[in-house]
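Q: Okay, here's what each chain looks like letter by letter:
Protein chains: 2
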Amino acid sequence: MIIIGEKINASLAGIKGIVLERDRTGLLELARTQAAAGADFIDVNVGTGVGSREDEICSMQWAIETIQEEVETPLCIDSADSAVLEAGLKARNGRPSLINSTKAEENNLEQVVPLARQYDTPLVGLAMDKAGIPKTVEGRLRACEQIAAACEKHGVSSETLYLDPLVIPVSTDINQGLVTLNTIADIKKQFPAAKTVMGLSNVSYGLPGRTGLNAAFLHMAIYAGLDAAITDPLDKALMGAVKMAEVLVGKDRHCRRYTRAFRK
Amino acid sequence: MIIIGEKINASLAGIKGIVLERDRTGLLELARTQAAAGADFIDVNVGTGVGSREDEICSMQWAIETIQEEVETPLCIDSADSAVLEAGLKARNGRPSLINSTKAEENNLEQVVPLARQYDTPLVGLAMDKAGIPKTVEGRLRACEQIAAACEKHGVSSETLYLDPLVIPVSTDINQGLVTLNTIADIKKQFPAAKTVMGLSNVSYGLPGRTGLNAAFLHMAIYAGLDAAITDPLDKALMGAVKMAEVLVGKDRHCRRYTRAFRK
Numbered sequence: 001m002i003i004i005g006e007k008i009n010a011s012l013a014g015i016k017g018i019v020l021e022r023d024r025t026g027l028l029e030l031a032r033t034q035a036a037a038g039a040d041f042i043d044v045n046v047g048t049g050v051g052s053r054e055d056e057i058c059s060m061q062w063a064i065e066t067i068q069e070e071v072e073t074p075l076c077i078d079s080a081d082s083a084v085l086e087a088g089l090k091a092r093n094g095r096p097s098l099i100n101s102t103k104a105e106e107n108n109l110e111q112v113v114p115l116a117r118q119y120d121t122p123l124v125g126l127a128m129d130k131a132g133i134p135k136t137v138e139g140r141l142r143a144c145e146q147i148a149a150a151c152e153k154h155g156v157s158s159e160t161l162y163l164d165p166l167v168i169p170v171s172t173d174i175n176q177g178l179v180t181l182n183t184i185a186d187i188k189k190q191f192p193a194a195k196t197v198m199g200l201s202n203v204s205y206g207l208p209g210r211t212g213l214n215a216a217f218l219h220m221a222i223y224a225g226l227d228a229a230i231t232d233p234l235d236k237a238l239m240g241a242v243k244m245a246e247v248l249v250g251k252d253r254h255c256r257r258y259t260r261a262f263r264k
Numbered sequence: 001m002i003i004i005g006e007k008i009n010a011s012l013a014g015i016k017g018i019v020l021e022r023d024r025t026g027l028l029e030l031a032r033t034q035a036a037a038g039a040d041f042i043d044v045n046v047g048t049g050v051g052s053r054e055d056e057i058c059s060m061q062w063a064i065e066t067i068q069e070e071v072e073t074p075l076c077i078d079s080a081d082s083a084v085l086e087a088g089l090k091a092r093n094g095r096p097s098l099i100n101s102t103k104a105e106e107n108n109l110e111q112v113v114p115l116a117r118q119y120d121t122p123l124v125g126l127a128m129d130k131a132g133i134p135k136t137v138e139g140r141l142r143a144c145e146q147i148a149a150a151c152e153k154h155g156v157s158s159e160t161l162y163l164d165p166l167v168i169p170v171s172t173d174i175n176q177g178l179v180t181l182n183t184i185a186d187i188k189k190q191f192p193a194a195k196t197v198m199g200l201s202n203v204s205y206g207l208p209g210r211t212g213l214n215a216a217f218l219h220m221a222i223y224a225g226l227d228a229a230i231t232d233p234l235d236k237a238l239m240g241a242v243k244m245a246e247v248l249v250g251k252d253r254h255c256r257r258y259t260r261a262f263r264k
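Protein chains in written order, with our numbering: chain A, 1 to 264; chain B, 1 to 264.
Simulated from the structure, these hints should not be mistaken for lab results. Yeah, the Cβ is synthetic: ideal placement off N, Cα and C, and Gly gets one too. Certain hints may be false.
Claimed, not checked - Listed next, the in silico DSSO-like pairs over lysine-lysine satisfying Cα-Cα at most 27 Å (straight line): (1) A:Lys264 to A:Lys251; (2) B:Lys153 to A:Lys251; (3) A:Lys135 to B:Lys251; (4) B:Lys188 to A:Lys189; (5) B:Lys189 to A:Lys188; (6) A:Lys135 to B:Lys189.
As the list claims (entries may be wrong) - Computed footprint of chain B on chain A; a stretch qualifies when at least three of its residues, placed anywhere within it, have a C-beta under 8 Å from a C-beta of chain B: (7) 177 to 188; (8) 202 to 213; (9) 248 to 262.
As the list claims (entries may be wrong) - If you want a taste of the chain B side facing chain A, the calculated C-beta under 7 Å gives, among others: (10) Asn175; (11) Leu213; (12) Leu248.
The shape of chain A in the complex, shown without the other chains (with noise of 0.2 Å):
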């Protein structure tokens, strides 16, 4: 399971501040410790909600900037406006990095898809339209085919394509949690060469014990074919939910990671 470390994000309380006060020591700590909890990608997020575009666009090579002086982890560049990632990108020169993200809307696959071939950099999709999120599991594959679509347009492998089903919580609506799975299954076969991704918590949003339910949605979603959640790492029920699923769908051999885990 790929993890990506989710706590570098602007609209989170506490993490607004650290952006537009650059405060370098706020981000290191939360990129060293993401980093040392074992996220294979960290996010970055710096879209603060106030200022202009340009202020997210030197948000985002400040935070890159420094971030990377002083932790190796690859970064997933994470905005909806494809200027924000092109300056993501062009700050990381060349670095391990995941663009974060397009949706099935022309005008955006047109700025985002490209940005992926130029920077020959991995690339998440959204399963979502300018209408909204499909609310069936095959609105979700259409836009899924409009983005794979635009990704064959534009030279972009499909082995380099992230597909996320989204998440709407079962609290507003009850069938949205098997709509999230039955997507992530229908991707696996449709789309063979490319990865599952996701946010987890938004499907407890409304509901008591919220940690034990994401736990409960990530077992199901691994099971499903999930490859890669965006959650925190420093999660321990959420990780060690993980490693659980892990070792019960066969991908531990010897159940070592488990163990290990485990005795920790």
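Fit chain B to the supplied structure of chain A, relying on the hints for placement.
A: What follows is chain B alone, placed relative to chain A:
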């Protein structure tokens, strides 16, 4: 999810004595606590491993008669011996029951399946044959096909058939978790009217942290299509795992059973 309480099993230390000594109080305590915890069926297995077939028949009659005087919960009559099963069914005298079990072995099918017809009682069929438990999904499905064919031959509806994919510890073969889960999913496709049932705890044999692993496996199995679990209804972690899984796969409209269970 249908819960079959597993605690009255004379192969377990502590239960053997209850059966051999005809400990009415001890037996009723096990039945009452499982019923109070919400078991849909209470399994009754009186195979102590000592004594004759006649002894086991007498023990089954005693156990069934003793329990049903005080507890109304349906009973799951559990033996590999058709004569013991029939003794239990006779003692039930038409009360709701489940026959546990037959398997894909001709003599056994010819002895047990007619009981399901004669006593109009649902039946558990194990996905194994005379050579043991097949290592592959295809092998287990072939066993299920043989059981389903015997049911059809004897006029037993597949709606009253509970197919058990069986569980081999992942510590002995890392692929076996996935074999069981994929067998559940394929049973639901190939025999849509039949139910699926399994015991959980074998999966984690030989590994640390068994409760967590069993719960994770239950989450995956419920997503794969598990209808019934043979488990300990007094185990709060596992019963909580059932409630979590049901909310995530859309089987708990308005999330009410989950939130009620969580508050407790």
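Q: Indicate, hint by hint, whether the structure satisfies it.
A: Checked hints:
no. : hint                 : verdict
1   : A:Lys264 to A:Lys251 : holds (20 Å)
2   : B:Lys153 to A:Lys251 : violated (41 Å)
3   : A:Lys135 to B:Lys251 : holds (17 Å)
4   : B:Lys188 to A:Lys189 : holds (19 Å)
5   : B:Lys189 to A:Lys188 : holds (19 Å)
6   : A:Lys135 to B:Lys189 : holds (24 Å)
7   : 177 to 188           : holds (count 3)
8   : 202 to 213           : holds (count 6)
9   : 248 to 262           : holds (count 10)
10  : Asn175               : holds (5 Å)
11  : Leu213               : holds (6 Å)
12  : Leu248               : holds (4 Å)
Consistency note: the structure conflicts with earlier hint 2 alone.
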